[in-house]
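Protein chains in written order, with my numbering: chain W, 1 to 787; chain H, 1 to 262.
No wet-lab data here; the hints were simulated from the structure. Positions of the beta carbon are idealized from the N, C-alpha and C atoms, including for glycine. Each hint should be verified, as a subset may be incorrect.
[Unchecked claim] Here are a few chain H residues that face chain W, going by a calculated C-beta distance under 10 Å: (1) GLY55; (2) ASN112; (3) LEU174; (4) ARG208; (5) TYR245; (6) ARG256.
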Amino acid sequence: MPKDNGIGASPKRREDVRFLTGAGNYTDDINVHGQAHVHFLRADVAHATINSIDTSAAEAMPGVVKIFTGADFAEVGGIPCGWGVTDRHGNPQQEPRHPIIADGTIRHVGEIVAAVVADTLEQARDAAEAIELDLGDKPAVVDMAAALGDGSTKVHEDLTSNLCYDWVFGNDDDAAVQAAFDSAAHVTTLELVNNRLVANPMEPRVAIGEYSRGSDEYTLHTTSQNPHVIRLLMCAFVLGLPEHKVRVVAPDVGGGFGSKIFHYAEEAFCTHAAKACGRAVKWTSTRSEAFISDAHGRDHVTKIELALDADNNFTALRTNTLANMGAYLSTFSTSVPSYLHGTLMAGNYKTPIVQVNVKTVFTNTVPVDAYRGAGRPEATFQLERVIDKAARELGADPIALRRQNFITQFPYETPVALTYDTGDYVATMDKLEQVADVAGFAARRAESEAKGKLRGFGVNCYIEACGIAPSNIVGMLGARAGLYDAATVRVNATGTISVFVGAHSHGQGHETSFPQVVAEMIGIDESMVDIVHGDTGRVPFGMGTYGSRSIAVCGSAMVRATEKIIAKAKKIAAHLMEASDADIELKDGQFTVAGTDKSVAWGDVTLTAYVPHNYPLEELEPGLEETAFYDPANFTYPAGAYACEVEVDPDTGKVSIERFSAADDFGNIINPMIVDGQVHGGLGQGIGQALLENAAYDADGQLLSASFMDYAMPRADDVPFYQVDHSCQTPCTHNPLGVKGCGEAGAIGSPPAVVNAVVDALQSAGKDVTHIDMPLSPARVWAAMNG
Amino acid sequence: MYEFEFEKPSTVAEAVAALADEEAQALGGGQTLIPTLKQRLAMPSKLVSLTGIAGMSGVSGGDGVVSIGGATTHAEVAAAAAGAYPALAALAGQIGDPAVRNRGTIGGSLANNDPAACYPAAALGSGATIMTSTREITADDFFQGLFETALEEGEIITAVRFPVPQKASYQKFLQPASRFALVGVFAAKFTAGVRVAVTGASEEGVFRWNEAEAALDANFAPEALDGLSLDAGGMIADLHGSKEYRAHLVGVMAKRAVAAAG
């Protein structure tokens, strides 16, 4: 009988009632009395010198409140980068100023050149058209390899080159690594592209800045995954405001996928402009703006080499990657191709030597930063593709080759700095073979072939590092923030509970799953527990939601705070029952004295805490509210094995995904239904990357896929019904819930399975195709077949 | 969008009069025009809606002809022409999504002549006649290149008359993002001969594939197209497919259209 309450139950998502009935409160639903609207004039060229901006005609237009240019922000800071990577020579990354409004140079299409604040949005747009720009065009830097070439135009004149950093990780002894390759029985080499993506959450970004002259306080409503981080960065680095005078609220947020982690210029602008204009200032991104101003994801070009001995054991792995930073360093941009990517390059395998080389490159494109998976999909894709290619070259079974090289002893120290605490890759592969019905594939292929279609089977494994992160470790690696989280459990007199959490829910279902944990610990119905999130004015200083960290880090803080609540409540109960608190037990919301029939209910204790008439006031404070901060001891390591079956239409190159199976190990699971949904969503995005999505620039730095007319998002009929299994569970060893995180797994684990399956399908027809770069559009598959 | 006047006349004559203003623009279902206005890519002084004109909407037929009012939505064609001209109804039922099909009109689509639109293939492939406020134009004369038609300023498509073929089918290969036709082929067999119209593929917009028509005149079967190939020169090349790919797809979709026509 499945549970219907607490940990392990699958109550329907309580937040969906308001989302699905139009009662959500998204940032754009918020309108402040007297607000003005800002329209950003954005660059339509990729690289130019701004010789002059004449706003005089625009300022005289109806409704205009104020027009801002780069000069108005010369005295404030730039957008900071939250991670400083040290290069292979011990030097810091090159870090250009990232202005709120372009200050003399345009560096990507979409960069803000001027901001018009007016009574209405249409008036602001009208006035923006009257701004006269005199630009001096410069050559656009788009291709990464060319950007690093001698004599390339520089994106930032004040930097020495377009190289942000040249980084090496793992075994940095080039000669030793080369020796491993020289002595290998077989080396497989693969060059590939991890395609640039646009996150495209359903809700575009919105910001509303308010300033109260009376209290000298600011409020910023914004579409953020982490309001405290935004407040810290904006106050401390950009605007120089005292944090206690600034409240950042991220109400209902319609999806982020990473793109709403970062501190954006528009947030700082609206906050600053609210005071400068004496009015609230609101901005709502259009979808067209989102394409050219939301941080993009991925965009790696990689050469990977895998060395194997005569028995097909992996002996060494070496990668060389160019990673695009775009024109400026977005908040976590430099961590993604380095520590979120290089540390995962061992994958699920006991390869003894791993060397990761990454050069990050400035180009005249939109900044690139974390997108669902953030570095781990890039690592997984190249590793699982090169293993598949090796299997084909060696005539080995791709599953057997993987199994042979699995890590099987835990904890396991990888050559790339991580210590995997637990896992069972054999078990997930066993489960996958069962769920995916590997045995039935031959029959399904025969059926497809009878219809004139090619059928392919692709498999891959993945591991990811979630629950970022132990603050001291990431601090040593260059993080400029702590990565703990926080929760305050406030018990009301009548026993209901509000939990104020630093994590932010924007699709993850925290409002349902977090209360399940507290309800389980106390033994009350979860309807008695609510969480509060997304408001620096209400919640303790937490670091927000990304990297599949919420339940592992913030959930652990919530457990610690709830433990404190229970400990105090037991003392109150002991007083009420005239017993020793060591003898008090809490079960199903009842406090009992061990070995007696005495009991008091949860509600009696909570009422006593706030009406302390019969209360040990000399020993115990009244009230029942506790806060805990939790800094994880290690990352968590979800892992699994995925399988994809495709049909390819040989006449058109069209790929259809017929089956997709996922066997994940997420450790303990709070709400299985929500976990299923997270995996489904991740798989959809991974399949989207593999088959459809592509942010393509032309040589002039114009985004060719700048709308849904050309940027192909996955739709319901592009994906199959998934077989998802998460019954393999090796609980995390170092957090109190034994949880690992499930938000990114689907997006990390699915692209290589898709590509492996398509290559398998084409090779089944005798086509000499070993790789196709994503997205595997019909045109690309057809070209590969007929190349 | 910029400010504009709005008129919704109830007769063709009033519409023509309203469109006499130089900066006036006819508005059908608005599925192309409204997004264009929202992006401030057009600045008409006046929009003249054609959806309130009595008698300009609906499907009627008889004597081997299906006549469709210029303001008829795709959804209505999909439903009302299913008996009289199934291939045309099927085409209409696969344009865009339900929201598009319940707003977009046949007259608007033909007047816009988007190179990736479906209706031009049906009109040209059927040898339809475009009835306007002033005259009749054969489909062969109507389509004149990308977004170009024989329509004069202020001329309104009031109806489209489709001769009903013995058999026909439209087969569309979807552009992955927009789901417009990357290539769409309309093949129709009339007693007078076969017509094959191709959309999505050519830099000149919708066109007839004469070689295929000749081959299918002799034998209306997919294999009749074996060995035929279209010159890739003049095909569209973009993110979603090369010239060669589009030329190849025309052959594939033509065969599928013939096979589906039965």
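Going through the hints against the structure:
no.	hint	in the structure
1	GLY55	violated, 34 Å
2	ASN112	violated, 15 Å
3	LEU174	holds, 9 Å
4	ARG208	violated, 22 Å
5	TYR245	holds, 5 Å
6	ARG256	holds, 8 Å
In summary, the numbered hints that this structure violates are 1, 2, 4.
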